[in-house]
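> Sequence:
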Amino acid sequence: MPLTKSDIWPTSLNRKSGTPQIFYNLSEDVLQKLLNYSVLQHFPQGRLLVQQGDKPEYLYFIVDGTVKTLRQDEHGREATLRLLRPGETCMEAVIFMEGDSPIAVQVASDAKLLLIPVDIVRKTVLSDTQFANNLLRIVSYHYKNAMHQIDSMHIKNPTQRLGYYFLLKHLENGHDNMEFTLPFQKSAIANYLGMTPETFSRTLQKLKQQGISFEDNTIKMRDAYVLCHYCDSDAESLCRTHPKDECFTCPMGKDQENKG
Numbered sequence: 104m105p106l107t108k109s110d111i112w113p114t115s116l117n118r119k120s121g122t123p124q125i126f127y128n129l130s131e132d133v134l135q136k137l138l139n140y141s142v143l144q145h146f147p148q149g150r151l152l153v154q155q156g157d158k159p160e161y162l163y164f165i166v167d168g169t170v171k172t173l174r175q176d177e178h179g180r181e182a183t184l185r186l187l188r189p190g191e192t193c194m195e196a197v198i199f200m201e202g203d204s205p206i207a208v209q210v211a212s213d214a215k216l217l218l219i220p221v222d223i224v225r226k227t228v229l230s231d232t233q234f235a236n237n238l239l240r241i242v243s244y245h246y247k248n249a250m251h252q253i254d255s256m257h258i259k260n261p262t263q264r265l266g267y268y269f270l271l272k273h274l275e276n277g278h279d280n281m282e283f284t285l286p287f288q289k290s291a292i293a294n295y296l297g298m299t300p301e302t303f304s305r306t307l308q309k310l311k312q313q314g315i316s317f318e319d320n321t322i323k324m325r326d327a328y329v330l331c332h333y334c335d336s337d338a339e340s341l342c343r344t345h346p347k348d349e350c351f352t353c354p355m356g357k358d359q360e361n362k363g
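For what it's worth, our numbering labels the leading residue of the sequence shown as 104, then goes sequentially.
Calculated from the structure, these hints are not laboratory results. Each hint should be verified, as a subset may be incorrect.
[As the list claims (entries may be wrong)] Between beta-carbon pairs, the in silico distance windows are: (1) G156 <-> V242: 53 to 61 Å; (2) F283 <-> S304: 16 to 24 Å; (3) D222 <-> K309: 27 to 35 Å; (4) K309 <-> A249: 20 to 28 Å; (5) G277 <-> Y127: 15 to 23 Å; (6) F199 <-> D337: 34 to 42 Å; (7) Y140 <-> T302: 42 to 50 Å; (8) Y127 <-> R305: 37 to 45 Å; (9) I223 <-> G179: 30 to 38 Å; (10) M256 <-> P105: 18 to 26 Å; (11) E301 <-> S336: 47 to 55 Å; (12) Q308 <-> V142: 40 to 48 Å; (13) L151 <-> R225: 21 to 29 Å; (14) T107 <-> A235: 37 to 45 Å.
Where is the CB? At the ideal position from N, CA and C, for every residue including glycine.
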């Protein structure tokens, strides 16, 4: 029986009435054609979907659970590149490299994934401008995030890195939400931010002194503005209070006002 839109739409996006970027503004015919050639599968935590050096076979769309992409050196040491949630995709750039995959893909928590064959992705890119544009937007978004990650490793100290990461997740969950749960384990977040587990634990203690606690993957904040001094121009674009006057009720806003 062919897959339908209801089979692959993440429940978290249903609640928010969102549309995954990969399927944004696609015609029903194009979406159904993609689904007709795709497979929906469940994978357990830890399952390696793609090994570094493999030939890419699928574009992976996350319906439920979480996935991470990573690189390994010859000693088996890992560097996490991306932490992905429902509604996101991976391998969208690799499948156009015409070579072996430079990254590995692993299931971070039990996941339900839509596997779209590479040849179907390539054919649809050539035949549908909207689908090609969606892929380009996804690649551009992750390129921008990669630049932030590189900057963070070289410019920010561990407290600034983790504070900024928490700020982005806070904004994604709603500015007035004082408590939210992260979908990834501490070890995955630490590796993504370039920290050892020990450094990550010490940094959490520093943030706790600022009114930010992290227990059982749940962030609890003293108030909506406690993370504002980690803000930058990119975070501002996600904040519903910027550039409104309400922004100046937060610590960063007051600093900006005084400087002005």
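> Next, verify each hint and record whether it holds.
Here's how the hints hold up against the structure:
Judged by the Cβ atoms, the range 53 to 61 Å given for G156 and V242 is violated: they are separated by roughly 21 Å. Remark: the range hint 16 to 24 Å for F283 to S304 is upheld by a beta-carbon distance near 21 Å. The supplied range of 27 to 35 Å is broken by D222 and K309, whose beta-carbon atoms lie about 50 Å from each other. Checked against the hint of 20 to 28 Å, the C-beta distance between K309 and A249 comes to roughly 26 Å, which is consistent with it.
One distance hint, 15 to 23 Å for the beta-carbon pair G277 and Y127, holds here, with the actual separation near 22 Å. Taken as a hint, the range 34 to 42 Å is violated for the pair F199 and D337, whose Cβ atoms sit roughly 26 Å apart. In this structure the supplied range 42 to 50 Å holds for Y140 paired with T302, their Cβ-Cβ distance being about 45 Å. Against the hinted window of 37 to 45 Å, the Cβ-Cβ separation of Y127 and R305 comes to about 41 Å, which satisfies the hint.
Hint check: I223 to G179, Cβ distance near 34 Å, so the stated range 30 to 38 Å holds. Separation of M256 from P105 is about 45 Å and departs from the stated range, judged on CB atoms against 18 to 26 Å. Range check, E301 to S336: Cβ separation about 32 Å, and the 47 to 55 Å hint is violated. As the Cβ distance of Q308 to V142 is approximately 45 Å, the hint placing it in 40 to 48 Å holds.
Our hint of 21 to 29 Å for L151 and R225 holds, since their Cβ atoms are close to 24 Å apart. Checked against the hint of 37 to 45 Å, the pair T107 and A235 fails, with Cβ atoms roughly 24 Å apart.
When the structure is compared with the earlier hints, violations turn up for hints 1, 3, 6, 10, 11 and 14 and for no others.
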